[in-house]
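Please model the entire structure based on the sequences and the hints provided.
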Amino acid sequence: MAEFSSIGLALILGLVLALFLIRFFSRHDHKNLPNGSMGFPFVGETLSLLKPHSSNSMGTFLQERVSRYGKVFKSHLFGSPAIVSCDHELNIFILQNEERLFEASYPKAMHDILGKFSLLVISGDLHRKLRNFVVTFNTVSKSSPRFLNFAENLSISMLESWKGCKEIDFLKDIRKLTLSLMVKSVLSIEPEEPRALKILDDFRTYMKGFVSLPLNFPGSSYSKAVKARTRLASTMKGIINEREKEKVGLISGDFLDVILSKRGILTDEQIVSVALDILLGGYETTSILIALIVYFLGHVPKAFQTLKNQETRKTVMPFGGGPRLCPGAELAKVEIAFFLHHLVLNYRWKVKEDDFPVAYPYVEFRRGLLLEVEPAQEEFRK
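Residue numbers for the sequence shown follow my numbering, so the first one is 738 and each next one is one higher.
Don't take every hint at face value.
Unchecked claim - Restraint-style ranges between C-beta atoms, simulated for each label pair:
1) 789 to 964: 22 to 28 Å
2) 873 to 941: 28 to 34 Å
3) 1090 to 882: 38 to 44 Å
4) 935 to 957: 39 to 45 Å
Since the hints were made in silico from the structure, they are not lab data.
Glycine included, C-beta positions come from ideal geometry on N, C-alpha and C.
Dropping the structure here:
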């Protein structure tokens, strides 16, 4: 777990948040840049970074460069020059000093996928304003009977669907569950509705190209992701138009209801972008966190003790920090608690020996986290 946490910090904070540094260094003489390599023209070192590797290691890309250049080095990733930091203390310093010493910056290619008003790419007053809407809604939702009942019922329904199954594709199921919960909370769409299934399908395509070589030609993962994001935005705009015509937003109590009340302060494009950010967080980050917990419990039941010991260490920052602290962190904890409670009461499971988490650079599972499941003993469930 310690290794995994270090990898997550190095890859996510080091390769994304440390891009803030490029603006800082670009204002100074290039002689002050750290050592490193810019790789091949245009593609830079992106292909080396994206080479899959076991998530309990840094991977050859980081290992070789840290060994050669140190924990901070220059590179060229996703079509843009970058300073990569694998230094925990520096990454924390960057997070805590955004807007004072550093400016958030993503490669241009990432903007086309995320959208120009995504919480991940905007900064300053606009970031604070949009983030406050999300935090306020999540704070209310985590104690809302409506959300809590739906989260629990959805977890129970998923586990009941396993009855009679000897093997289940856990990552596929948990992603569907987490996105269904967010679609209901954000848009008041039931999981079985055709629109919910369409959103789920587009999010799958979107995530496959989210971190990929930015080659925008037909058939590429990047191109498919950009188109999927466009379709998602179109679906969201259609829902907004329906909400306005039918005036159902006055009684739905979902996030779209809350944020549409701010029309005049926010544009429709900003509303769509924030809603997609929430769905993205619910689809990917929460589902992967649950999958990792299930994986480690299946392999090493004592893993929770190790995790508990790490919680006080600076190397573990599962929800980020500073202005970029995940606005849905508390809501995610509630969702995870509900699911794990019912899972451990109702099932025992084993992970396939040849299945393990792999970094792409974000985490996937080699076989989708296939689990052998069986009902828990009756006396334990009482």
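Verification of the hints:
no. : hint                    : result
1   : 789 to 964: 22 to 28 Å  : holds (24 Å)
2   : 873 to 941: 28 to 34 Å  : holds (30 Å)
3   : 1090 to 882: 38 to 44 Å : holds (43 Å)
4   : 935 to 957: 39 to 45 Å  : violated (22 Å)
Of the numbered hints given earlier, the model fails hint 4 alone.
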